[in-house]
Amino acid sequence: MKVLLVIVGMALVTYIPRLLPALFLDRFQFPAWFRKWLQSIPYAALGALIFPGVLLVEKDQPLLGLAGGLMAFFLSLLNLHITLVMAGSISIVILLQYFFF
Amino acid sequence: MESKPSDLEIKSSSQLVQGIQAGLPIFLGYFPIAIAFGTLAVQAQLNWTEAVLMSLIVFAGASQFVGVSMFLAGAGVAQIIATTFFLNLRHLIMSLAVNDQMRHFSGGWKGFLSFFITDETFALLTLGGGDHRSERRTPTYMAGLMITAYLGWVTGTAVGGLGAGFIPADITTAMTVGLYGLFIGLLVPPARKSLNFAIIAVSSMILNWALGLFMDAGWAIVLATIFAAGLGIILIKEDV
Numbered sequence: 225m226k227v228l229l230v231i232v233g234m235a236l237v238t239y240i241p242r243l244l245p246a247l248f249l250d251r252f253q254f255p256a257w258f259r260k261w262l263q264s265i266p267y268a269a270l271g272a273l274i275f276p277g278v279l280l281v282e283k284d285q286p287l288l289g290l291a292g293g294l295m296a297f298f299l300s301l302l303n304l305h306i307t308l309v310m311a312g313s314i315s316i317v318i319l320l321q322y323f324f325f
Numbered sequence: 009m010e011s012k013p014s015d016l017e018i019k020s021s022s023q024l025v026q027g028i029q030a031g032l033p034i035f036l037g038y039f040p041i042a043i044a045f046g047t048l049a050v051q052a053q054l055n056w057t058e059a060v061l062m063s064l065i066v067f068a069g070a071s072q073f074v075g076v077s078m079f080l081a082g083a084g085v086a087q088i089i090a091t092t093f094f095l096n097l098r099h100l101i102m103s104l105a106v107n108d109q110m111r112h113f114s115g116g117w118k119g120f121l122s123f124f125i126t127d128e129t130f131a132l133l134t135l136g137g138g139d140h141r142s143e144r145r146t147p148t149y150m151a152g153l154m155i156t157a158y159l160g161w162v163t164g165t166a167v168g169g170l171g172a173g174f175i176p177a178d179i180t181t182a183m184t185v186g187l188y189g190l191f192i193g194l195l196v197p198p199a200r201k202s203l204n205f206a207i208i209a210v211s212s213m214i215l216n217w218a219l220g221l222f223m224d225a226g227w228a229i230v231l232a233t234i235f236a237a238g239l240g241i242i243l244i245k246e247d248v
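In the order they appear, the protein sequences are chains A and B.
Quick note: to get the numbering used here, add 224 to the position in the first sequence (first position is 1).
Quick note: to get the numbering used here, add 8 to the position in the second sequence (first position is 1).
These aren't lab readings, by the way, just hints derived from the structure by calculation.
Any given hint could be a false lead.
Said to hold, decoys possible - Short derived list, chain A residues pointing at chain B, Cβ under 10 Å:
#1 I231
#2 M234
#3 V237
#4 A246
#5 F254
#6 Q263
#7 S264
#8 I274
#9 G312
#10 I314
#11 S315
#12 Y322
To be verified - Just a sample of chain B residues kept apart from chain A, beta carbon distances all over 12 Å, derived:
#13 S20
#14 S21
#15 L24
#16 V25
#17 L48
#18 T148
#19 A151
#20 I155
#21 L159
#22 V167
#23 L170
#24 G171
#25 F174
From the three backbone atoms N, C-alpha and C, an ideal C-beta is built for every residue, glycine too.
Using the sequences plus the hints, can you model the full thing?
Following this line, the structure appears as structure tokens:
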């Protein structure tokens, strides 16, 4: 019973923040500054999601996450498909784990 | 009578296929991590159906790991739910950006698609797709992308919960770095084209790191996103 309560409660508090913008966003005509803020959100959010989180993937081994992150950075400079960027960062981490950590 | 499908149908089925293709990297990234989640959930005395139910109706990786760990540690119901709420508040900000692209969708589509907003689907929907981004803003494309990601999470949980797949900790670590690779791979190309967006992203990293020194990581991400995106108000000159 406790488990079901936890699951349903978690589902509600997760869906509500996701849903709120769908309910009100198009009811207003937003000023230019707000539209600039909205347009900037993806860049700000991804910046915050990436750093310092990528260093904490393995708590005692920040270099492992750093290596994976740098690999992704260099591969994405080459304009490779996103799957290859992911594969590259996964591969370097597996190699480093195998040989060093 | 000719039984040619209408232009609209052709368009909408190819949009679905494109959406599914776009969502595949997330499917592959989620699947092994969901196996690890399913394994952990069963170790925390949830049964298989409960683990799968959680992935089906919550669909939020980080908070599911935290929720199950708290459950294992004997935390109370309210405590777990409150933690989940704060951990997922960032989705409110992300949903603003995603819903901004869904302005012309019906209310039903918006409510339905909003359920599937995660860090990864948000990242792909806002920054993925390169220069063809705006043509792809259709309900079918977005549904294809998001449901593909969702299926990776749910099926992975089912496999892990059954104990059918064991994912060593090293592999989970590597796959988690893979999801960071997704974020980086999506952020770098547009940030290279626009100095403003590069400045916003780097400022957000620094701000998030600084805020994280004296507050919870979940709050730091929310505040860093709000304030760093605020830089856009000053930096972006043209009307949008």
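We went through each hint and held it up to the structure:
no. : hint : verdict
1   : I231 : holds (5 Å)
2   : M234 : holds (5 Å)
3   : V237 : holds (4 Å)
4   : A246 : holds (4 Å)
5   : F254 : holds (9 Å)
6   : Q263 : holds (5 Å)
7   : S264 : holds (3 Å)
8   : I274 : holds (5 Å)
9   : G312 : holds (7 Å)
10  : I314 : holds (4 Å)
11  : S315 : holds (8 Å)
12  : Y322 : holds (8 Å)
13  : S20  : holds (21 Å)
14  : S21  : holds (23 Å)
15  : L24  : holds (19 Å)
16  : V25  : holds (16 Å)
17  : L48  : holds (14 Å)
18  : T148 : holds (17 Å)
19  : A151 : holds (14 Å)
20  : I155 : holds (15 Å)
21  : L159 : holds (17 Å)
22  : V167 : holds (19 Å)
23  : L170 : holds (18 Å)
24  : G171 : holds (18 Å)
25  : F174 : holds (17 Å)
The structure is consistent with each of the numbered hints, conforming to all of them.
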